[in-house]
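Protein chains: 2
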Amino acid sequence: MAQLRVALAQVNTVVGDLEANADLVSGWAKRAAHRGAHLVAFPEMTLTGYPAEDLVLRRSFAQASRTAVDHLARRLADEGTGELAVIVGYLDTSRTPAPRLGRPAGEPQNAAAVLWRGEVVARYAKHHLPNYGVFDEFRYFVPGHDFPVVRLHGVDVALTICEDLWQDGGPVAVARAAEVGLLVCINGSPYERGKAFQRDELAARRAREAGAALAYVNLVGGQDELVFDGGSLVVDAAGRLLARAEQFTETLLTVDLDLPAARTAASAGPTVVAGTAVGTGTAVDAGDGTAMTVTRLMLTGEPVVAFDAQAPAVAQRLDSAAELYHALVTGTRDYVGKNGFTSVVLGLSGGIDSALVATIAVDALGANRVHTVAMPSVHSSTGSVDDAADLARRTGVTHTVTPIQPVVDSFHDALAAAGGLAGLAAENLQARVRGTLLMALSNAHGHLVLTTGNKSELATGFSTLYGDSAGGFAPIKDVPKTLVWELARWRNAHADRRGETPPIPEEIIVKPPSAELAPGQLDSDRLPDYTTLDAVLDDYVERDQGRTELITAGHSPETVERVIRLVDLAEYKRRQNPPGPKVTSKAFGRDRRLPITSHWREHPSG
Amino acid sequence: MAQLRVALAQVNTVVGDLEANADLVSGWAKRAAHRGAHLVAFPEMTLTGYPAEDLVLRRSFAQASRTAVDHLARRLADEGTGELAVIVGYLDTSRTPAPRLGRPAGEPQNAAAVLWRGEVVARYAKHHLPNYGVFDEFRYFVPGHDFPVVRLHGVDVALTICEDLWQDGGPVAVARAAEVGLLVCINGSPYERGKAFQRDELAARRAREAGAALAYVNLVGGQDELVFDGGSLVVDAAGRLLARAEQFTETLLTVDLDLPAARTAASAGPTVVAGTAVGTGTAVDAGDGTAMTVTRLMLTGEPVVAFDAQAPAVAQRLDSAAELYHALVTGTRDYVGKNGFTSVVLGLSGGIDSALVATIAVDALGANRVHTVAMPSVHSSTGSVDDAADLARRTGVTHTVTPIQPVVDSFHDALAAAGGLAGLAAENLQARVRGTLLMALSNAHGHLVLTTGNKSELATGFSTLYGDSAGGFAPIKDVPKTLVWELARWRNAHADRRGETPPIPEEIIVKPPSAELAPGQLDSDRLPDYTTLDAVLDDYVERDQGRTELITAGHSPETVERVIRLVDLAEYKRRQNPPGPKVTSKAFGRDRRLPITSHWREHPSG
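Going down the list, the protein sequences come from chains A and B. Residue 34 is where the first sequence starts when you use our numbering, and the numbers rise one by one after that. Residue 34 is where the second sequence starts when you use our numbering, and the numbers rise one by one after that.
None of these hints come from the bench; they were simulated from the model. Don't take every hint at face value.
Identical chains share a label here; the pair holds if one copy fits it or two copies do between them.
The list that follows gives simulated cross-link-like pairs (lysine-lysine, DSSO-like), each with its CA atoms no further than 30 Å apart [claimed, not checked]:
1) Lys-606 to Lys-544
2) Lys-619 to Lys-606
3) Lys-619 to Lys-228
4) Lys-544 to Lys-228
Using the sequences and the hints, build the whole thing.
As structure tokens, this is what we get:
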């Protein structure tokens with residue numbers, strides 16, 4: 034056996050900011066070296082940030098990434114961390130290009146590099162590309178078929194990237210054939226409810242399949258709509274959990290491993306010289322219809338001098354509500370910060386949605402950066418106005434009251450000649466006046482507007498286009514209404530446990546939900562009760578069930594008809610962005626897809 | 034040689050409306066039969082409409098499509114067109130499923146069926162799946178590897194679908210190996226400036242490669258942001274153009290072909306019986322790293338009785354401006370109509386953009402369905418108000434004038450306590466008041482709001498979020514400003530040529546562009562002149578060039594810096610839809626992508 038101290042740097046990168054991301058690697062590599070680590074691994078696409086979307090297709094960006102990884106290797110050596118093997122993710126381009134229509138231009142690859150003694154000594158390109166859900170990697174990358182194995186202090190170490198673990202065959206199968214001692218997997222695996230548990234199971238299973246210890250490092254932080262939750266972990270070759278990092282925080286997880294020493298037999302075949310890929314490698318059946326080429330590189334053959342292993346940290350996984358709440362806070366904080374805003378503004382109606390959003394904003398940014406506005410109309414109850422003020426007092430946010438009736442009246446006057454407004458048109462007008470007031474405050478003071486709509490509303494179109502749905506970030510847009518209440522109760526209980534004042538007045542949690550756009554209006558006038566609604570939405574939207582399946586699943590036919598109709602008709606509302614005929618090869622949105630949060634600029638030196 | 038009369042039904046389908054699309058096939062099949070055709074082909078995904086996006090992943094939808102194609106075969110026989118071979122596109126699911134993570138659930142296929150004598154006698158699944166630009170077909174489909182050849186009146190006929198022609202190898206290579214006489218390609222190929230010419234070249238080249246005549250039928254009409262321009266065509270085995278259909282119109286193109294009779298040798302091997310795939314087929318190297326399985330089916334071996342060939346129609350291609358204008362009219366008409374609207378409303382400022390959009394709307398819908406509103410503020414010039422009224426008179430649209438100043442003032446009053454509004458905040462307010470007025474008219478009268486922003490504005494963020502960018506459809510969102518002028522002049526000249534009143538007052542075309550949101554304001558205060566701007570945008574956006582390449586291409590460094598900065602910072606504006614943390618497996622927009630225009634409902638019988 035041979036010992037290794039392995040460090041996993043669970044960091045928060047910024048898409049497009051190659052310099053800041055390189056600084057991040059430099060800083061955390063020093064900490065890893067200080068802790069005596071022999072190897073430190075960073076998350077997927079460390080240098081470019083992840084996901085970089087269509088930036089990946091820009092030649093100048095790919096070139097800058099390739100240059101950055103070479104510079105970084107030299108910099109680490111200059112800074113005294115050259116003896117530490119550093120694994121970073123970056124954007125590369127295929128070294129064996131096979132350009133044709135349908136392969137992404139420039140043949141980008143989602144790559145990992147091993148940096149050692151001032152050089153990039155090995156490069157690995159992601160083999161399994163995900164192309165479902167939030168992932169479109171067939172659009173952006175060509176797959177890799179090389180499998181470098183680096184011998185570090187007598188241990189054979191190999192690399193994988195994220196989806197490589199989720200699909201059968203490929204590098205995990207090749208790792209077993211190549212008798213690897215440690216498999217490092219670098220990830221940008223976004224948070225989703227219940228997924229952390231799946232990841233643990235997966236890591237254990239793949240470690241057993243590979244017959245190797247598995248070190249899994251995940252990204253942390255928010256990038257546009259994705260939140261990366263971290264939760265990096267290490268399992269041994271039997272799949273036993275050895276160490277786990279906390280979720281939603283930047284941290285360095287170190288673990289001392291006892292790994293099988295590479296057998297001499299394993300380096301038979303091509304000659305092995307330090308830091309250089311040798312020969313043409315050995316083709317190995319990857320068990321997925323492809324072959325991968327194993328190349329072996331000698332960094333250091335001698336095991337490290339025996340040291341006393343330290344007990345690794347095994348963080349508890351957060352419970353479901355805490356995890357979700359942290360994801361929303363993280364997503365909000367990073368969206369605001371990475372886009373250069375320092376403050377937010379939101380409408381505080383006295384209802385549960387805006388109460389929860391205000392609380393999330395305070396936890397993300399601090400109360401002094403959160404501005405709330407009550408914008409009562411003639412339909413607003415006194416209770417609502419008071420409840421909003423109560424929440425503002427409890428949380429310490431800046432709170433103002435701007436009655437909207439004079440503005441609403443001026444619109445009615447302006448449109449009197451055109452027949453005036455009544456019913457839904459009059460209701461929507463109130464929401465749009467509020468949206469316009471918030472956007473004006475945003476323009477005048479530089480606050481980002483937070484919208485307060487939840488997923489149940491978004492699903493059913495129970496909101497006003499360019500009204501309550503207008504703003505810069507929507508913290509709870511993917512949270513169903515029943516979970517909104519659950520989170521509010523969780524947050525209050527959390528405060529209780531810490532001896533703090535619960536931020537959300539109980540009255541806001543227990544009152545029947547109402548948009549207060551017409552006299553005596555309740556949500557239940559137009560929607561099924563939220564428990565029923567959310568259950569149907571879960572089956573229809575999450576599980577893609579059709580009408581027959583929904584009814585078979587036990588939902589009443591009337592509710593099913595009603596919900597399906599609402600959801601299908603609300604598709605245009607969910608866009609907000611009017612479509613238009615595409616006539617060029619790069620119409621915005623449809624076939625040009627860039628991150629909103631991106632620090633990439635076409636620099637003079639680019 | 035053997036004769037065949039081939040018909041191409043260039044039709045306008047509706048996504049999700051399986052019944053209406055089947056009716057369309059029935060109706061056009063009758064016309065084809067009436068004209069004596071032996072074969073008629075319909076566009077890609079005829080029965081489901083194209084592109085159906087995430088509907089494809091819904092089991093109930095795939096099942097309904099499979100059922101619909103079987104029903105259609107029987108219906109055509111019942112209606113007396115059973116002797117006509119009918120090729121339709123539809124959504125199928127793989128008959129040899131190999132489910133795994135990363136392949137779309139249910140293994141949908143983009144398929145074509147040959148309907149004959151009441152049955153589906155052959156099925157072909159698209160082999161090359163496009164996954165770039167507007168296409169995401171790796172997300173939706175699994176590729177096909179079967180290559181059925183049907184012998185119809187002594188001619189061997191085979192099928193391809195759209196991308197199959199654009200990529201090398203695959204079914205075109207197999208067609209040559211299988212000695213096919215006629216290759217039918219069914220398409221959903223969206224309009225793009227200059228693409229019709231490319232298609233002609235491609236069809237000629239692939240016909241020569243296949244050594245077979247090629248019949249290319251394309252979809253026509255608008256579907257959300259895509260416009261299909263038709264332009265169906267037939268080339269002979271030497272690549273010579275024989276027939277071409279007009280663009281942007283539903284039509285039946287018929288052509289009499291003299292084709293090589295299938296050689297007896299070709300049917301050697303597996304026994305051939307009428308209407309049945311025989312044996313296991315023959316594996317043929319497709320030249321693209323895959324093999325396809327050729328199966329041969331005998332429909333009718335006897336050539337048709339010799340008939341006098343008619344001279345086919347060869348429509349002229351439209352010139353570039355006419356083609357673009359027709360695309361915008363088609364896209365607007367179908368978006369409005371397919372979404373169930375009968376009228377539109379738009380703000381008419383007296384500027385060139387709203388003038389062009391009004392003209393497009395009138396050409397798409399008729400003047401009586403187009404409502405325009407002038408919404409002058411204190412910054413609006415008298416000229417602008419008069420020019421808008423002049424355009425309304427020329428085109429015959431309903432025109433009203435609603436001054437916005439009282440409403441703007443009421444907002445200023447409401448925000449006085451919060452410090453008031455000035456500068457950009459005050460400018461944006463005016464645009465949002467106008468947006469709110471138009472949305473109120475939409476809600477009150479059921480008009481769809483047309484926005485009037487052009488691509489140059491959208492690119493540089495020269496517009497107001499939830500102001501002028503608020504609405505239901507954006508006819509010129511992908512048209513750069515310089516082309517807006519070109520189209521206005523073209524439309525006026527077109528009227529001149531037909532002895533009609535040019536719709537757009539010359540004054541509107543020649544005046545310096547201004548948003549009129551501040552005293553004496555001109556676009557040139559904030560943007561480079563549009564000729565310069567559009568040239569940089571073309572290189573930066575369309576060609577994905579970086580800063581260095583842009584400067585090398587001859588653009589001034591100052592302009593490049595300025596434009597890049599504007600474009601990069603406007604990314605959030607182009608969304609309009611605030612992002613929010615994704616926490617479920619099907620967050621709207623990010624990983625649930627449905628067409629807006631869709632007539633699919635989860636029917637009781639579904």
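Status of the hints after comparison with the structure:
With identical chains, the CA atoms of Lys-606 and Lys-544 are at most 30 Å apart within one copy only, with a shortest distance of 27 Å there and 36 Å across copies. Both within a single protomer and between protomers do Lys-619 and Lys-606 lie at most 30 Å apart by alpha-carbon distance, with minima of 24 Å and 17 Å respectively. Taking CA atoms no more than 30 Å apart as the test, Lys-619 paired with Lys-228 passes between copies only; the shortest distance there is 13 Å, against 35 Å inside one copy. When the C-alpha separation of Lys-544 and Lys-228 is checked against a cutoff of 30 Å, the pair qualifies neither within a copy, at 33 Å, nor between copies, at 59 Å.
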